[in-house]
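Engineer: Residues per chain, in single letters:
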Amino acid sequence: MALLQRVTETHRQTVDFILDGQPCQALIGDTVLTAVLTQRNRLRIEEFNGTPRAGFCLMGACQDCWMRTEDGARLRACSTFITPGMRLVSV
Amino acid sequence: MMNSLSPVIVGAGPAGIRAAATLVAAGLKPVVVDEAIKAGGQIYRQPPDGFTRPKSSLYGFESRKADRLHRLFEAIQPQIDYRPGTLVWNAGANHLDLMAPDGTASSLGFSHLLLATGATDRIQPFAGWLTPGVFTLGAAQIALKFQGSILGPRVAFAGTGPLLYLVAYQYAKAGADVVGVFDTARFADKLAALPGLLHGVGHLAKGMYYVAWLRAHGVPLHGGIVPLRVEGEGRVQGFAWQGSGRARRVDCDAVAFGLGLRSETQLADLLGCRFAYDDLNRAWLPERNLSGRSSLPHVFLAGDGAGIAGADAAELAGERAALALLEDAGHLVDRRRIALLERRLQRIAKFRHGLERAFPLPLADWGGAALADDLVLCRCEAITVGSLRQAACDLGVTELNRLKALTRIGMGRCQGRICGAAASAILAAELGQQPGTVGRLRGQAPVKPLPVVTVSHEDAA
Chain P
1 MALLQRVTET
11 HRQTVDFILD
21 GQPCQALIGD
31 TVLTAVLTQR
41 NRLRIEEFNG
51 TPRAGFCLMG
61 ACQDCWMRTE
71 DGARLRACST
81 FITPGMRLVS
91 V
Chain D
1 MMNSLSPVIV
11 GAGPAGIRAA
21 ATLVAAGLKP
31 VVVDEAIKAG
41 GQIYRQPPDG
51 FTRPKSSLYG
61 FESRKADRLH
71 RLFEAIQPQI
81 DYRPGTLVWN
91 AGANHLDLMA
101 PDGTASSLGF
111 SHLLLATGAT
121 DRIQPFAGWL
131 TPGVFTLGAA
141 QIALKFQGSI
151 LGPRVAFAGT
161 GPLLYLVAYQ
171 YAKAGADVVG
181 VFDTARFADK
191 LAALPGLLHG
201 VGHLAKGMYY
211 VAWLRAHGVP
221 LHGGIVPLRV
231 EGEGRVQGFA
241 WQGSGRARRV
251 DCDAVAFGLG
261 LRSETQLADL
271 LGCRFAYDDL
281 NRAWLPERNL
291 SGRSSLPHVF
301 LAGDGAGIAG
311 ADAAELAGER
321 AALALLEDAG
331 HLVDRRRIAL
341 LERRLQRIAK
351 FRHGLERAFP
361 LPLADWGGAA
371 LADDLVLCRC
381 EAITVGSLRQ
391 AACDLGVTEL
401 NRLKALTRIG
411 MGRCQGRICG
421 AAASAILAAE
431 LGQQPGTVGR
441 LRGQAPVKPL
451 PVVTVSHEDA
461 A
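Chains as they are written, first to last, in this note's numbering: chain P, 1 to 91; chain D, 1 to 461.
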């Protein structure tokens, strides 16, 4: 089971995006963090010990939820909204 | 002179909104810079467009206050220069460096600055706290309020503070399986705190309601616990704690954790405000008096960003600090209003003393000396407790910034927001001193990571 479970506000329109090469769906208004953690248990592999990370504070303070896009850009998953066609990498 | 006033407010939570409204009422047009996309701060955070839950379901008992504040902000919006989604990443004597939502940098001058920068969860690390599925209490609440999602579904709520019971209650109501509330404070702490808590009867009643509701719905409530570890590889599978003299554990999918709140003081630091160690907050805070004046003549401080007192106090302090700003700029101000605001702030301060007794930071049996050497203290750069102790012991470090220089603690992307309090406790414990005696981590610009293009654009300008 994924780390985040949707319990309400599920009437929103869907957004298609790519996660680790796989087509995925999120909802308009999802942050990247919500879009990913409703399907996966991690956002990234941290660079020091190679352990998975999934964010911590969700308010832009801890900087734990950085994620990469396929073209190498970095974004903070808790404060960036998912957009159609976004291509994200969690490995 | 008055026409040349260019006041800037940083933060659009309860303190920032009240401050802005007060300046607008005096005929000024403040700039309001806020990192969030919508006003309200963390406590009255508004969901993105397209979300439809009513405020009563988002903010519970606080929905009327939330609604009043949101409406007030809507009403003054035509009279302010509002910059949502904008990070203040540096502060100089007369200007702020901003990064807009599209990543572009700009400089914003000010004649007077009012900082209402808010707070984040206060953290002490413990074994397994890096496991995916461990989040702060604030994070747990944001997932629900801002995204209609919950951690879990089986969640352990651990730590201490009023938020512990509130978020556990909100989660249980939203359908989560709350496997327990694990409070590091003891019931005896709460009894001892009663005289102070009676200064805030309304809040006390709400807190008791959450506790009673959780109990009535069969949620196990544990007091006086010490968290031992989060279990699970790759994701949370259980939570282990010490309670009633023995080690125990429970299966769960997530742990929501926090020990009260800590102020976001970086901008006050960069501006050069004088700081003092505050015993109540157990933190270094920019000095402010009851009026919201800082040690600098043109800088004013309001709300939880300069010491934790909660949302109601933040509204009062925001208005009070704005009146101080106006007075110092030569405006006539309503002295009776000022006296009323200050009386209310003083009453809340007494309640706040009670809260700190009810939910004390469990330093003695948990922070500092009790942490294992191999525990990773720094989420950003995987720095261990042992490496800090080694620096303190082998290299004779007695001050926090020296420790930072040698171990990189507090130098990662979060700039010590998460690890700073614990690093200070560890160094102090190693030296046999109190945390306030080992100095404080100095703030550095940028206060949060920026895309390289933002900085280079700024340099070119």
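Treat the hints as calculated values from the structure; they're not laboratory data.
Treat the hints with caution; some may be incorrect.
As the list claims (entries may be wrong) - List time: in silico SDA-like cross-link candidates among lysine to any residue, alpha-carbon distance up to 20 angstroms:
no.: 1; chain 1: D; residue 1: 448; chain 2: P; residue 2: 11
no.: 2; chain 1: D; residue 1: 206; chain 2: D; residue 2: 235
no.: 3; chain 1: D; residue 1: 38; chain 2: P; residue 2: 80
no.: 4; chain 1: D; residue 1: 55; chain 2: P; residue 2: 11
no.: 5; chain 1: D; residue 1: 448; chain 2: P; residue 2: 73
no.: 6; chain 1: D; residue 1: 448; chain 2: P; residue 2: 75
no.: 7; chain 1: D; residue 1: 38; chain 2: D; residue 2: 67
no.: 8; chain 1: D; residue 1: 38; chain 2: P; residue 2: 73
no.: 9; chain 1: D; residue 1: 38; chain 2: P; residue 2: 47
no.: 10; chain 1: D; residue 1: 38; chain 2: P; residue 2: 60
no.: 11; chain 1: D; residue 1: 55; chain 2: P; residue 2: 19
no.: 12; chain 1: D; residue 1: 55; chain 2: P; residue 2: 7
no.: 13; chain 1: D; residue 1: 55; chain 2: P; residue 2: 12
no.: 14; chain 1: D; residue 1: 190; chain 2: D; residue 2: 206
no.: 15; chain 1: D; residue 1: 448; chain 2: P; residue 2: 79
no.: 16; chain 1: D; residue 1: 38; chain 2: P; residue 2: 81
no.: 17; chain 1: D; residue 1: 448; chain 2: P; residue 2: 47
no.: 18; chain 1: D; residue 1: 190; chain 2: D; residue 2: 221
Unchecked claim - Calculated from the model, a selection of chain D residues having no Cβ within reach of chain P, i.e. all distances over 12 angstroms:
no.: 19; residue: 52
no.: 20; residue: 78
no.: 21; residue: 214
no.: 22; residue: 226
no.: 23; residue: 271
no.: 24; residue: 336
no.: 25; residue: 373
no.: 26; residue: 396
no.: 27; residue: 431
no.: 28; residue: 442
What the hints assert, rightly or not - Computed Cβ-Cβ distance ranges for the label pairs, DEER-style:
no.: 29; chain 1: D; residue 1: 396; chain 2: P; residue 2: 20; range: 26 to 34 angstroms
no.: 30; chain 1: P; residue 1: 8; chain 2: D; residue 2: 215; range: 24 to 32 angstroms
no.: 31; chain 1: P; residue 1: 83; chain 2: D; residue 2: 393; range: 45 to 53 angstroms
no.: 32; chain 1: P; residue 1: 87; chain 2: D; residue 2: 272; range: 40 to 48 angstroms
no.: 33; chain 1: P; residue 1: 8; chain 2: D; residue 2: 78; range: 55 to 63 angstroms
no.: 34; chain 1: D; residue 1: 332; chain 2: P; residue 2: 75; range: 44 to 52 angstroms
no.: 35; chain 1: P; residue 1: 83; chain 2: D; residue 2: 374; range: 39 to 47 angstroms
no.: 36; chain 1: D; residue 1: 49; chain 2: P; residue 2: 47; range: 32 to 40 angstroms
Nothing here was measured: the structure is a model prediction, and the numbers come from that model.
We put the beta carbon where it would ideally sit given N, CA and C, even for glycine.
Engineer: Hint by hint, note whether the structure agrees.
Structural biologist: The hints, checked one at a time:
1. D/448 to P/11: This hinted pair is violated, its Cα atoms lying about 34 angstroms apart.
2. D/206 to D/235: Roughly 33 angstroms separates the two Cα atoms, so the pair is violated.
3. D/38 to P/80: holds, 14 angstroms
4. D/55 to P/11: holds, 18 angstroms
5. D/448 to P/73: holds, 17 angstroms
6. D/448 to P/75: With Cα atoms ~13 angstroms apart, residue 448 of chain D and residue 75 of chain P stay inside 20 angstroms; holds.
7. D/38 to D/67: This hinted pair holds, its Cα atoms lying about 13 angstroms apart.
8. D/38 to P/73: violated, 25 angstroms
9. D/38 to P/47: Between residue 38 of chain D and residue 47 of chain P the Cα gap is close to 33 angstroms, so the pair fails against 20 angstroms, i.e. violated.
10. D/38 to P/60: Satisfied, since the Cα-Cα distance of roughly 14 angstroms is no more than 20 angstroms.
11. D/55 to P/19: At roughly 33 angstroms apart (the allowed maximum being 20 angstroms), residue 19 of chain P and residue 55 of chain D break the hint.
12. D/55 to P/7: Between residue 55 of chain D and residue 7 of chain P the Cα gap is close to 17 angstroms, so the pair holds against 20 angstroms.
13. D/55 to P/12: Cα-Cα ~18 angstroms, so holds.
14. D/190 to D/206: holds, 15 angstroms
15. D/448 to P/79: The hint holds at about 13 angstroms.
16. D/38 to P/81: holds, 14 angstroms
17. D/448 to P/47: holds, 19 angstroms
18. D/190 to D/221: Answer holds: residue 190 of chain D to residue 221 of chain D is near 14 angstroms, not above 20 angstroms.
19. 52: violated, 7 angstroms
20. 78: The assertion about residue 78 of chain D holds, with a minimum of 26 angstroms to chain P.
21. 214: Holds: least Cβ distance 18 angstroms, greater than 12 angstroms.
22. 226: holds, 21 angstroms
23. 271: holds, 19 angstroms
24. 336: holds, 37 angstroms
25. 373: Nearest chain P Cβ is 16 angstroms from residue 373 of chain D, so the label holds.
26. 396: holds, 27 angstroms
27. 431: holds, 27 angstroms
28. 442: holds, 18 angstroms
29. D/396 to P/20: 26 to 34 angstroms: Cβ of residue 396 of chain D to Cβ of residue 20 of chain P: about 48 angstroms, so the range 26 to 34 angstroms is violated.
30. P/8 to D/215: 24 to 32 angstroms: Taking Cβ atoms as reference, residue 8 of chain P and residue 215 of chain D lie about 25 angstroms apart, which means the hint holds.
31. P/83 to D/393: 45 to 53 angstroms: holds, 50 angstroms
32. P/87 to D/272: 40 to 48 angstroms: holds, 44 angstroms
33. P/8 to D/78: 55 to 63 angstroms: violated, 33 angstroms
34. D/332 to P/75: 44 to 52 angstroms: holds, 48 angstroms
35. P/83 to D/374: 39 to 47 angstroms: Taking Cβ atoms as reference, residue 83 of chain P and residue 374 of chain D lie about 41 angstroms apart, which means the hint holds.
36. D/49 to P/47: 32 to 40 angstroms: Holds, at about 35 angstroms.
Going through the hint list in order, the structure does not satisfy hints 1, 2, 8, 9, 11, 19, 29, 33.
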